[in-house]
Amino acid sequence: MRLSHTPTSSEELKPSLVPPFLAATLSLIIPGLGQILARTIRRGLLLLFSFATITGLLVWRFIETARRDTGLINIVKKGLSLEPALVILSILVIVFYIWNVVDAYAIANRSGSNPAGLLFLVIIIFFMLGWQIGQIDLVALITQADDAGPALTSVLWPWERSIEYPKDIVTTTAQIQIPCTETPPAPSGALEDAPYLLADPTCGTLTEFEGAPGSTVTLTGHNFIPNTRANIWWKDPIGNEFRQRQGGEYINITPDENGAFKIDIVLPYRLVPANIRDVTTIWEIQIRQVASIGDWQFSTELKLAIEKIIETIFIGMMATFFGILLALPVSFFAARNLMSASPITLGIYFITRTILNIIRSIEPLIWAIIFVVIVGLGPFAGIMALTIHSIAALGKLYSESIESIDPGPIEAIQATGANWLQVVVYAVIPQIIPPFVSFTIYRWDINIRMSTIIGFVGGGGIGFLLSQWIRLMDYKAAGIAVWFIAITVAILDFVSAEVRQRFV
Amino acid sequence: MLEVRHLTKIYDDGTVALRDVNFIVPDGEFLVIIGLSGSGKSTLLRCINRLIDPTEGEIIWDGVDLAKLGGDDLRMARRKIGMVFQHFNLVRRSSVITNVLAGRLGYTSSRQSLLGRFSAEDNAKAQHALERLGIEDQAHKRADELSGGQQQRVGVARALMQEPKMILADEPVASLDPVLAHSLMQQLEILNKEDKITILCSLHYLDLVQRYATSVFGLRDGEIVYRGTREEIRAMNDEEFKEIYGQEAERVGGGLQGDLLTANGGGA
Chain D
50 MRLSHTPTSS EELKPSLVPP FLAATLSLII PGLGQILART IRRGLLLLFS
100 FATITGLLVW RFIETARRDT GLINIVKKGL SLEPALVILS ILVIVFYIWN
150 VVDAYAIANR SGSNPAGLLF LVIIIFFMLG WQIGQIDLVA LITQADDAGP
200 ALTSVLWPWE RSIEYPKDIV TTTAQIQIPC TETPPAPSGA LEDAPYLLAD
250 PTCGTLTEFE GAPGSTVTLT GHNFIPNTRA NIWWKDPIGN EFRQRQGGEY
300 INITPDENGA FKIDIVLPYR LVPANIRDVT TIWEIQIRQV ASIGDWQFST
350 ELKLAIEKII ETIFIGMMAT FFGILLALPV SFFAARNLMS ASPITLGIYF
400 ITRTILNIIR SIEPLIWAII FVVIVGLGPF AGIMALTIHS IAALGKLYSE
450 SIESIDPGPI EAIQATGANW LQVVVYAVIP QIIPPFVSFT IYRWDINIRM
500 STIIGFVGGG GIGFLLSQWI RLMDYKAAGI AVWFIAITVA ILDFVSAEVR
550 QRFV
Chain Y
330 MLEVRHLTKI YDDGTVALRD VNFIVPDGEF LVIIGLSGSG KSTLLRCINR
380 LIDPTEGEII WDGVDLAKLG GDDLRMARRK IGMVFQHFNL VRRSSVITNV
430 LAGRLGYTSS RQSLLGRFSA EDNAKAQHAL ERLGIEDQAH KRADELSGGQ
480 QQRVGVARAL MQEPKMILAD EPVASLDPVL AHSLMQQLEI LNKEDKITIL
530 CSLHYLDLVQ RYATSVFGLR DGEIVYRGTR EEIRAMNDEE FKEIYGQEAE
580 RVGGGLQGDL LTANGGGA
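Protein chains in written order, with the working numbering: chain D, 50 to 553; chain Y, 330 to 597.
With the rest of the complex left out, here is chain D:
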């Protein structure tokens, strides 16, 4: 933006078309108009344009702030009371407006007016509008940072999540005879090191449908895992399992610190087939408790992350591979020095360049969304997205390095009587290999980085896990993914720098 007042020769020679007072009045009606008629057209247009933009944006901010109000006065009142920034902005716009009028007068009077102040004012106004529109909230940044602490700590050191202890349900049983006979089953004996369950008595009657409640049995357990919840289940004589309810609710027990508990339960209501309804049957009562079994092992999250980081690296690799393969022929069509032989080839050159530019201007993430629609979720969509983008990027870089090769060696090799193929092999290829290698490694680098986030839109790789874990607020698992990404990118950085140094 140049509001320069330094008069060009024509401005200096010709006097203003309007007298100063008229110019000021015109600028009062339409900001900038006075300046335009005073022959400082560029300055006038810039003022007009800035004023229109600023006013438009300010009106929009007022309407946004006072969303529920109607009527000009209400909106302005609400806006000013809710947002102190709008008060300052309104004042600045009024200052700008008045200044514009004064400026018009001074310009038309040819007495000179420094535009730096106006320019500064416009910048300040745009900055404040940006602050408003961007909803910049530095207070939140400081006061809410504490709340993010636990999550961020998890991300920084997530490794306790990398191992887990396998868990299984330990079932301890006791037998109940229904209905009671002369010889109820003997209660199981006490055990030394395994949980055991005693029922007293070991027989009883079930609850009847809309009738008498069943008999009460006292359950006593020992050697259970202390302070860990356990559930009570039944297994009826035909093998069906169901949970014990009392008063309509499932009941849970929590053994004390010694692993013991004692609870009275009422035998449940249960519809059983007719053939066993009136005979004596043995029912099983079970206490199920989740317990760790065996040694630690790598967690599912870690295994998934490893799987997906491998997938990620391969997405990047395959995309680079296909990108190179397709960019090579394309780059020859996009090299001006090779394509300027005839209007037709020059036309191909321009078309190729245009297509490459269009493809390149669309972000790989957007390509990934497009390919997810075409080929479905998964790594293939990611590979396709990165391939397309790589073709465009490499095609451009390759063709530029072809354009910049030194013609000297080509003519020298031609002069030896070499044929076309020999000229290409001995004079062209040695010159383009180093930049090609360099650009390819650079692209590989970018592709691996991109493949780590392409999963956010369903393109496969570790990004998919990361986005899922973040949404589940499983920050430890997300931390594992972040660490893997960081390690991969760091290693890759190192390797690509090394390889590039070797070749170039």
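Please keep in mind that the hints were generated in silico from the structure rather than gathered at the bench.
Here the structure is a predicted model, which is why all the values come from computation and not from measurement.
Idealized CB from N, CA, C, for every residue including glycine.
Mixed in with the good hints, there may be bad ones.
Okay, the calculated beta carbon distance ranges per label pair [to be verified]: (1) Y:Tyr-340 / D:Ala-546: 17 to 25 Å; (2) D:Gly-179 / Y:Gly-343: 50 to 58 Å; (3) Y:Lys-470 / D:Ile-536: 34 to 42 Å; (4) D:Val-486 / Y:Lys-470: 47 to 55 Å; (5) Y:Gly-367 / D:Ala-546: 42 to 50 Å; (6) Y:Asp-550 / D:Asn-163: 52 to 60 Å.
Covered stretches of chain D, going by a simulated chain Y footprint (3 or more residues, C-beta under 8 Å) [to be verified]: (7) 453-467; (8) 471-477.
Based on the hints, put chain Y in the right spot on chain D.
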């Protein structure tokens, strides 16, 4: 014998680089072409081996009109014409030996050269050429690691690999300092005298012209404006030289004889 008749070159943009040039070069001659930059020297040399296609005229060499050749015939003819360039035109990233062996490409099949294979005989020739030019210990360095003087020797060695009957040298010493310039010109003189290779060389410096040329002609705006024999050149003084050459004529520096001692010593 090389005979050039009515050679004219007009570029696509309408620039007339050569206008009806006629001359004869007997075998074994050391012909020096002098002229300002833009006078058509480079175009003339490149027309002879057809790096540039002439607009009109004949270039008759050993009874064949080079201007009419195409395809394989042209390549066969080029094999016998070596060329040395002002900016050396080496493949900078390739090794010295690869650059020198490239001189044999005209004699090698596409398949062999694609694999980078050259016959044992060619390898021996390359070794010999490097020895002759005193750069055998640089053989496996990358071309761009060498100094300017050494690079130009590689350029000469590459031309030598073609077993040429004629060498075209386009300002071969313009990128070198005076000592190296003399040293390189001496190498060309040796090739001229010992191997009987005809040399066409464009030059800038009067003392080099006087010292090495067996025949001279001057180009100005694409036309031959001066022809002289060895004796006539030797007798010429700076003023006469400037007259044909224009005001920018210069000497390498020092006296003609005095310089040679240092030139002999300062080969690399």
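Hints and how they fare:
1. Y:Tyr-340 / D:Ala-546: 17 to 25 Å: Hint violated: Cβ distance 46 Å, outside 17 to 25 Å.
2. D:Gly-179 / Y:Gly-343: 50 to 58 Å: holds, 56 Å
3. Y:Lys-470 / D:Ile-536: 34 to 42 Å: Roughly 40 Å apart at Cβ, these two residues keep to the hinted range, so it holds.
4. D:Val-486 / Y:Lys-470: 47 to 55 Å: The hinted range 47 to 55 Å is violated for Val-486 (chain D) and Lys-470 (chain Y), with Cβ atoms some 21 Å apart.
5. Y:Gly-367 / D:Ala-546: 42 to 50 Å: holds, 46 Å
6. Y:Asp-550 / D:Asn-163: 52 to 60 Å: holds, 58 Å
7. 453-467: holds (count 11)
8. 471-477: Three-residue rule met by the segment 471-477 of chain D, so holds; n is 4.
Taken one by one, the earlier hints fail for this structure at numbers 1 and 4, listed in ascending order.
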